[in-house]
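With the hints as extra help, turn the sequences into a complete structure.
4 protein chains.
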Amino acid sequence: MIFEFPIRIYYEDTDAAGVVFYANYLKFFERARTEWLRSAGISQEQVARELGIVFVVAHTALDYLLPARLDDRITVRSRVVRLGHVSVDFSQEAWRTCEAIEAGAGELLARGRIKVGCVSRATLRPEKIPPQIRGAFPS
Amino acid sequence: MIFEFPIRIYYEDTDAAGVVFYANYLKFFERARTEWLRSAGISQEQVARELGIVFVVAHTALDYLLPARLDDRITVRSRVVRLGHVSVDFSQEAWRTCEAIEAGAGELLARGRIKVGCVSRATLRPEKIPPQIRGAFPS
Amino acid sequence: MIFEFPIRIYYEDTDAAGVVFYANYLKFFERARTEWLRSAGISQEQVARELGIVFVVAHTALDYLLPARLDDRITVRSRVVRLGHVSVDFSQEAWRTCEAIEAGAGELLARGRIKVGCVSRATLRPEKIPPQIRGAFPS
Amino acid sequence: MIFEFPIRIYYEDTDAAGVVFYANYLKFFERARTEWLRSAGISQEQVARELGIVFVVAHTALDYLLPARLDDRITVRSRVVRLGHVSVDFSQEAWRTCEAIEAGAGELLARGRIKVGCVSRATLRPEKIPPQIRGAFPS
Chain A
1 MIFEFPIRIY YEDTDAAGVV FYANYLKFFE RARTEWLRSA GISQEQVARE
51 LGIVFVVAHT ALDYLLPARL DDRITVRSRV VRLGHVSVDF SQEAWRTCEA
101 IEAGAGELLA RGRIKVGCVS RATLRPEKIP PQIRGAFPS
Chain B
1001 MIFEFPIRIY YEDTDAAGVV FYANYLKFFE RARTEWLRSA GISQEQVARE
1051 LGIVFVVAHT ALDYLLPARL DDRITVRSRV VRLGHVSVDF SQEAWRTCEA
1101 IEAGAGELLA RGRIKVGCVS RATLRPEKIP PQIRGAFPS
Chain C
2001 MIFEFPIRIY YEDTDAAGVV FYANYLKFFE RARTEWLRSA GISQEQVARE
2051 LGIVFVVAHT ALDYLLPARL DDRITVRSRV VRLGHVSVDF SQEAWRTCEA
2101 IEAGAGELLA RGRIKVGCVS RATLRPEKIP PQIRGAFPS
Chain D
3001 MIFEFPIRIY YEDTDAAGVV FYANYLKFFE RARTEWLRSA GISQEQVARE
3051 LGIVFVVAHT ALDYLLPARL DDRITVRSRV VRLGHVSVDF SQEAWRTCEA
3101 IEAGAGELLA RGRIKVGCVS RATLRPEKIP PQIRGAFPS
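Residue numbers (this note's numbering), protein chains in the order written: chain A, 1 to 139; chain B, 1001 to 1139; chain C, 2001 to 2139; chain D, 3001 to 3139.
Everything labelled a hint here was simulated from the structure, so no lab data went into it. From a predicted model like this one, the values you see are computed outputs, not experimental measurements. Note that beta-carbon positions come from the ideal geometry of N, C-alpha and C, so glycine has one too. Where hints are given, some of them may not hold.
[As the list claims (entries may be wrong)] Facing chain C, according to a computed beta carbon distance under 8 Å, are these residues of chain A, among others: (1) Y11; (2) D15; (3) A16.
[Said to hold, decoys possible] Pairwise CB distance ranges (calculated): (4) A:A61 / B:P1131: 48 to 56 Å; (5) B:E1107 / D:E3107: 38 to 46 Å; (6) C:P2126 / B:E1107: 14 to 22 Å.
[As the list claims (entries may be wrong)] Which bits of chain D does chain A cover? Going by a derived footprint, with three or more residues having C-beta under 8 Å, they are: (7) 3017–3025; (8) 3049–3057; (9) 3061–3071.
So, in structure tokens, the structure goes:
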């Protein structure tokens, strides 16, 4: 299963090289993971408050292939590659959406692997991922 | 005429006080102005390339009234309060969107006045606002 | 009394117009206010923890006069223009530091007025500014 | 050879979890690489203007080990692990600087590998790293 989320590029996302500042792909990927959870009816803020659990990013590995530019429309494609007891590994890609051409003919701008750990909000120690969140990521 | 644009609050927008970092309202307001232009068929990137004109923010004055929080849905309401020859003054507000209650019953989080100047991309000197852009902001 | 604080411009601070993204002056001004407090031996983190008091920015009004660019050295000059019971008004300026020319011959890039309120961390209600913090801002 | 660069954590760097937002380590690492070049008398802005060459980040792989917090002092330790014809691989670490204890007794917060490519500013095609920049990174 692949979750798709659209992003628009604004001035705030770019740098003096005229392209999207590479660190911002981490923001785009996080927005996509958040909306994936939300699409399954899960709010991170609520999970933190009610279950005392927060998600922390433990590892990120990204390749930056082509530059995104001001006003570009990006589609972030996310999928779960490993659903462990206390962590989830996501594979995520940012594609430039080309409205003029057929679907699937976009350009891959960046891709990466993100490991997110489930921890206690109080102690920051690893915690088992709650069942309702496991259910949001069908394998 | 009022242009409304929705924003979602992510971790990237917040700070250690648990609320949206105040400087980010400037980003939200800019996204809203950009989408207003886009809704009139105008791309800033295209205007820069074809007419050699860019818009620069010359003045901002904001009041921060109530904190926005993670996962909040914000509506930015924008209107033009003065359309000059070489600059536009916007009045912009950020409202928390409360889904549980009736429309109009949200909370005003921040409001401000933004002056945007029209300048030559090459010289950064003031330029007259092109007619097609004037047309996007009916008074 | 004027407090001066140096800032260096990195890619992260710029946007696709090739200059510093205007919202970032709010960050630069906050760094300067923080270091002013620190130079008086005051840590905001410690004040929050020990006195239950945090500072929130209530109002900002900035003029953006000239663009700062990648690798520029900026000096932020800050002074207190009003020290109230529950809030402080700062006047802050960002100057480009020109190493080749004499002191004082820099360029004023941005200037503004920032109102910071003192509030209870728990209730976010206004609180009197503690004496040790008042002492950090001699008038 | 290891280049050390100090960073201070401000509100702008943190998120609602009360810690430094992980994407910001990429900013800290870039500041450190920039200052390393500058310490060798090299300005990226000047290199771009005079040699038509810019550096683009092609790959980043980071582990986030411990959270940094508001007011923390960080030391970024950088070294070159591979100096190729058209790219450089850096190993970079962020350590919390503990003033109260002896040198070397800090905590490792994040570490990673960053690959930076040298490209033509005009074509974005790979270019050989100029000798004066190679000289800045002794192996």
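Hints and how they fare:
1. Y11: Nearest chain C Cβ about 5 Å off; hint holds.
2. D15: holds (5 Å)
3. A16: Since the shortest Cβ distance to chain C is 4 Å, the answer is holds.
4. A:A61 / B:P1131: 48 to 56 Å: Since the Cβ atoms of A61 (chain A) and P1131 (chain B) sit about 49 Å apart, the hinted range of 48 to 56 Å holds.
5. B:E1107 / D:E3107: 38 to 46 Å: Since the Cβ atoms of E1107 (chain B) and E3107 (chain D) sit about 40 Å apart, the hinted range of 38 to 46 Å holds.
6. C:P2126 / B:E1107: 14 to 22 Å: Roughly 19 Å apart at Cβ, these two residues keep to the hinted range, so it holds.
7. 3017–3025: holds (count 4)
8. 3049–3057: holds (count 3)
9. 3061–3071: holds (count 5)
Going through the hint list in order, the structure satisfies each hint without exception.
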